[in-house]
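Peer 1: Spelled out from the first residue to the last, the chains are:
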Amino acid sequence: MKIAICVKEVPDPTAEKRIDPGTNRLVRTGENTLNPYDRHAIEEAVRIKESGVETEISIVLVGPASAARTVDKALAQGGDRSVHLADDGLADSDILATSRALAALLERDAYDLVLFGQQASDAECYVMAAAVAERLDRPCVSQAASLTLDGSTLRVKRQVETGYDTVEMPLPAVVSVSDAINEPRYPSLPAIMGAKRKPHEVLSLADAGIDPDTVGGAGSRTTVRGLSKPAGRGASVRIEDDGTAAEKILAFLVENKVVV
Amino acid sequence: MIPALSDVHEDLSALVRDFCEREIAPHTADWDRTHHVPVPVLRQLGDLGVLGVIIPEEHGGAGLDYTALCLVVEELARHDAGLSVAVAVHGGLCAAPLLRFGSPEQQARYLPRLASGELLGAYALTEPDAGSDTAAIRAQAVLDDGQWRLDGTKTWITNGGFADFFVLFARTGGGGAKGVSAFVSTRAEGLGSSHEIPKLGLHTSSTAEVVLDGFRVAADDLLGVRDDGLKIALATLDGGRITIAAQACGIARAALDLACRYAADRHAFGGPIARFQGVQFPIADISARLEGARLLMLRAAALRSAGKPHGLAGAQAKLIASRVAVDAADVAVQTLGGYGYSAEFGAERLYRDAKITELYEGTSQIQRLVIARHLLGAAARG
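Top line first, the protein sequences correspond to chains R and A.
Under this note's numbering, the first residue of the first sequence carries the number 1, and numbering increases by one thereafter.
Under this note's numbering, the first residue of the second sequence carries the number 1, and numbering increases by one thereafter.
In short, the hints are calculated from the structure, not lab data.
Hints are not guaranteed to be accurate.
As the list claims (entries may be wrong) - Distance condition first, Cα-Cα at most 20 angstroms in a straight line; then the derived EDC-like pairs of lysine to aspartate or glutamate:
1. R:196 to A:227
2. R:198 to R:56
3. R:198 to A:57
4. R:198 to A:11
With the sequences and hints as input, model every part of the structure.
Peer 2: Encoded structure:
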């Protein structure tokens with residue numbers, strides 16, 4: 001079983017986020033680290049491996065050369081090897097472009113399962129797994145709260161607002177795991193130190209056979225035109241219960257088309 | 001020497017910080033109140049490899065330097081000073097002398113079990129009448145039927161209530177500084193922990209009296225050279241006190257963080273108290289002094305790691321860092337006002353815990369003595 005985990009380097013989530021007013025982009029010059037949501041995906045892969053299924057866990061990252069430390073953090077959490085696409089031509093990639101690069105990396109190896117964390121803590125984006133699955137033309141499930149392998153079938157319990165859906169899908173597949181799926185273990189000190197000794201593959205765009213015009217700023221379609229704070233929720237309506245509160249609430253909900 | 005931290009140092013600190021926030025912080029106040037010594041947490045640290053930082057990889061450790069040990073102690077001390085000294089003693093006073101003075105057989109016998117946390121260590125030097133005056137040791141070791149038989153009383157033994165492994169000092173020759181030998185041994189019949197010593201702070205640390213009553217130690221568990229054990233004791237404390245400087249830095253950091261948080265959150269006279277200079281200046285002073293103390297600590301650790309003389313640097317680091325810890329805890333209490341005095345905000349615990357750093361592994365007076373003798377040489381001895 002070959003599992004790939006797509007991980008992202010993000011600004012330290014404990015630090016306050018800042019937007020550069022000149023570029024309208026998130027400032028990434030501070031401390032960067034492994035997206036905390038990705039730890040759950042790595043942990044889930046490690047648990048599959050520990051269940052007795054012969055497994056190789058690959059950490060896949062698209063990011064600058066300086067993200068090598070983040071690759072090591074992911075490997076310390078439980079990966080066996082890493083694939084790091086590091087090329088200056090990737091700067092300013094949006095979801096469209098990054099998903100193209102990730103898909104190209106994933107197509108180089110025949111992975112049975114591609115895992116993502118549920119979201120990235122920097123832009124709070126949840127869609128990368130779906131975008132990559134679309135490019136790979138593989139089934140995709142998001143918000144997985146549990147994974148069960150049965151031969152070449154994967155059963156996924158999926159967290160939804162009203163409870164759980166259970167979805168069965170054939171492998172190969174793409175899954176983004178919920179942060180409730182497990183409690184990631186601490187990377188032990190030997191694991192931290194061993195991470196550097198694991199096989200690291202660092203690729204340029206040319207190595208990965210990616211056309212530079214399809215990634216980076218040139219391959220992106222997102223333009224941030226402006227930023228503003230979300231509008232306030234508007235005036236609230238206070239209903240005191242004088243014995244008719246229920247009718248008043250119902251009337252309010254009907255008026256606002258919440259119930260019909 | 002300007003200390004520099006590597007990626008592994010930073011990752012190690014991050015690991016311990018993460019562990020503390022999840023496994024220790026939620027319980028610190030409770031453990032302190034109930035005088036609970038969380039031995040299982042120490043074993044967990046062993047599982048993570050944190051107890052074996054300075055032990056070479058061939059003996060099951062991480063093979064990192066002394067700086068790594070100090071960083072572990074510092075991070076632990078931010079959340080629980082008692083746990084931090086347990087690790088400081090285990091690594092700095094037990095694993096360290098084995099590494100430096102132990103025979104290959106002794107190293108192979110004990111280091112892997114110390115690295116994993118299967119054995120937790122204690123260092124039994126101090127006696128009721130031999131504290132700063134270490135040459136006054138009275139515990140006796142005599143050869144008896146091919147084994148050493150140890151008798152005596154050791155006191156103020158950190159980890160003494162639960163430790164499975166001991167570095168012990170006893171007299172094998174005449175009086176005075178010569179004639180003391182060092183031994184290593186696991187706990188067995190004849191070595192008993194008589195009682196925990198009630199103390200001002202550090203309630204999560206075991207501080208016990210250890211009684212040696214016909215305690216038998218194998219002949220090959222003598223550490224180093226017979227009758228030359230006091231050299232081992234003092235050389236070990238030269239390194240140990242750097243870990244206490246690290247502990248002091250951790251306590252001071254916790255106090256500073258607490259004072260800053262409270263000053264920003266607490267409102268009085270129409271705004272946060274952080275806008276008052278009377279609140280700002282003590283915090284600013286502690287911040288500057290703490291960064292200085294931390295550099296002294298890291299410098300001493302770097303010298304120790306490089307195998308260079310570090311007695312002077314370690315004494316300087318401990319002297320300064322321990323005072324910063326005491327003053328930082330005082331600033332935290334003062335910033336929190338009445339809440340600082342209450343047991344619900346953690347400032348009073350830091351205030352009680354900080355003081356020990358000026359006392360153990362050499363009082364501040366002893367540190368000054370060490371420093372003065374380095375500077376003044378024979379003239380300082382009169």
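Peer 1: For every hint, state whether the structure bears it out.
Peer 2: Here's how the hints hold up against the structure:
1. Among the hinted pairs, residue 196 of chain R with residue 227 of chain A is inconsistent with the structure: their alpha-carbon atoms are about 45 angstroms apart, more than 20 angstroms.
2. This hinted pair checks out: residue 198 of chain R and residue 56 of chain R have alpha carbons roughly 12 angstroms apart, not beyond 20 angstroms.
3. As the CA atoms of residue 198 of chain R and residue 57 of chain A are separated by approximately 17 angstroms, the hinted pair is consistent with the 20 angstroms bound.
4. Straight-line distance between C-alpha atoms of residue 198 of chain R and residue 11 of chain A comes to about 17 angstroms, which keeps the hinted pair within the 20 angstroms bound.
Checked against the numbered hints listed earlier, the structure breaks hint 1 alone; every other hint is satisfied.
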